[in-house]
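Could you build the full structure based on these sequences and the hints that come with them?
Protein chains in written order, with this note's numbering: chain V, 20 to 121; chain C, -18 to 376.
None of these hints come from the bench; they were simulated from the model. Virtual Cβ for every residue (Gly too), placed ideally from N, Cα, C.
Derived list of chain C stretches under chain V, where covered just means 3 residues or more per stretch with a C-beta under 8 Å from a C-beta of chain V:
| no. | segment |
| --- | --- |
| 1 | 173 to 180 |
| 2 | 189 to 199 |
| 3 | 202 to 212 |
Partner residues aside, some chain V positions facing chain C, computed with beta carbon under 10 Å:
| no. | residue |
| --- | --- |
| 4 | Ala26 |
| 5 | Trp48 |
| 6 | Leu49 |
| 7 | Arg95 |
| 8 | Pro116 |
Covered stretches of chain V, as calculated for chain C (at least 3 residues, CB under 8 Å):
| no. | segment |
| --- | --- |
| 9 | 51 to 62 |
| 10 | 84 to 94 |
| 11 | 99 to 111 |
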Amino acid sequence: MTAAGQAPLLPPSVEGWHAGPGWIHASAWLARRRAAAALGDLAPRTPALAGLRLSDAVAALWPDEPAPDFLPALERAAEVAGDEAAAVIVETLLSAPQAHRI
Amino acid sequence: MPTRRELLKGGLCAALCSGLSVSLAQSERPERILVVVQLSGGNDSLNTVLPLEQDTWYRLRPTLSGVAQKAHRLAPGLGLHPELAGLAARFEKGHVAIAHGVGYPQPDRSHFRSLEIWHTGRVPGDPRGPRDVEAREGWIGRAGRELEQRAGGSPAALFVGAGRPELSFCSRGNPPAAIADRESLGLSTRIPAELLASLDAERPNKNAVDALLRSGARAARILGERLEQAANANLAADWPGGAFAQRLSLVARGIRGGLPTSLYGVTLDGFDTHLRQAQPHARLLAELDRGLAAFLEELERAGLEERVLVMVFSEFGRRAEENGTGGTDHGAAGAVLLAGRGLAAREFGPRPDLERLVDGDVPHSIDLRALYDGLRRDFLELPAEHGPEPLRLFA
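Structure follows, in structure tokens:
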């Protein structure tokens, strides 16, 4: 949050927070991507897709439907990742733009 | 305090005003590159550029005028703070110029309002009204948008620093390109590149919030990849430590690495020196001088010094008289420093006359709009956009 300039209870100045497009900037996105990768590190090591229903995970984290070809692509990536499958899934789902509408 | 939803809506409205687009075309290093350095907090211009032969200065500043003893004497009656050795040496060569008394009518002593005015270029009484302040669009963001439309390279403008980019870099419909530091580029990811790209791909028939977020994420991903390549460019100068120099070094890497960016922004914070100013102000100016010296040397070693102009500004100067606690309070106009080649003069505008203060402040003699338009017209080759005659900056 701090790297994105959005530290809780710490507005950028005594004037408070401004609304506007200035918050949707590349630095903030890159910070969010790093946070997603760090959360992926915390995911348990599991055999690829062991019992995990990807559609349930997506439904839990995203407010809308994924593109039709997304789930098969994620499934392939998770299988290739082996015991890092859960980490790939967590990082991917939290890196997506729609994850930031939660 | 607005909610997260309101923040997004604010961005969305701005985006919809002009149509959403993020140009990500690749192009070559631009011919002209402007680096804008913001001294946040209101730099004490009268203790940076020193009026050494004005008795009033010594009378109004019995403590702070002590810097005169070791000042760099640039010309009769004109000195630079002792910590600005690098800039003084370049002034001697004609590679640094001073624009005296830059400001705007009806000066505002609020940091926020004055920064808004400097960032947008919309001064009080502007016939176009506060439109750009409300839309949160800055003068660099505007110029960047025009440059992207003209040349196709992106990002045309890049803010280097932690947190939210300055308003000057915001542009309607385009998330500002910004990067905190070099370390933040090191994105090791488990996600295959194709899958990563699919996450932020444009999707038809989605709502505008989704489109804005995808556009921002896409711009960030591509910027990160491009910057990571540029950031590997080797540096040749002897760079000092400190966050300011590190940010400037990232700008230098971007330039050396061939990033198609024409406008860079960096800030140096801490200039709000109300209390016991002398030592912290000297430290800040030393940090400024050392960082700029390394940056300019880097450009020279790469043979790029002809392409780059550095502009150093602050939201206001300080009051002419020091206060009772060895500091200075918010004032009005201040000096802008320019570092580059081909400058038309070493000094622009009349030096401040401390016998002719207005309400205890140095009044402006150069309208910031004339400075911006001089940069737009003569350096960036963009049309002037304000009322006052553009400042003729180049010979």
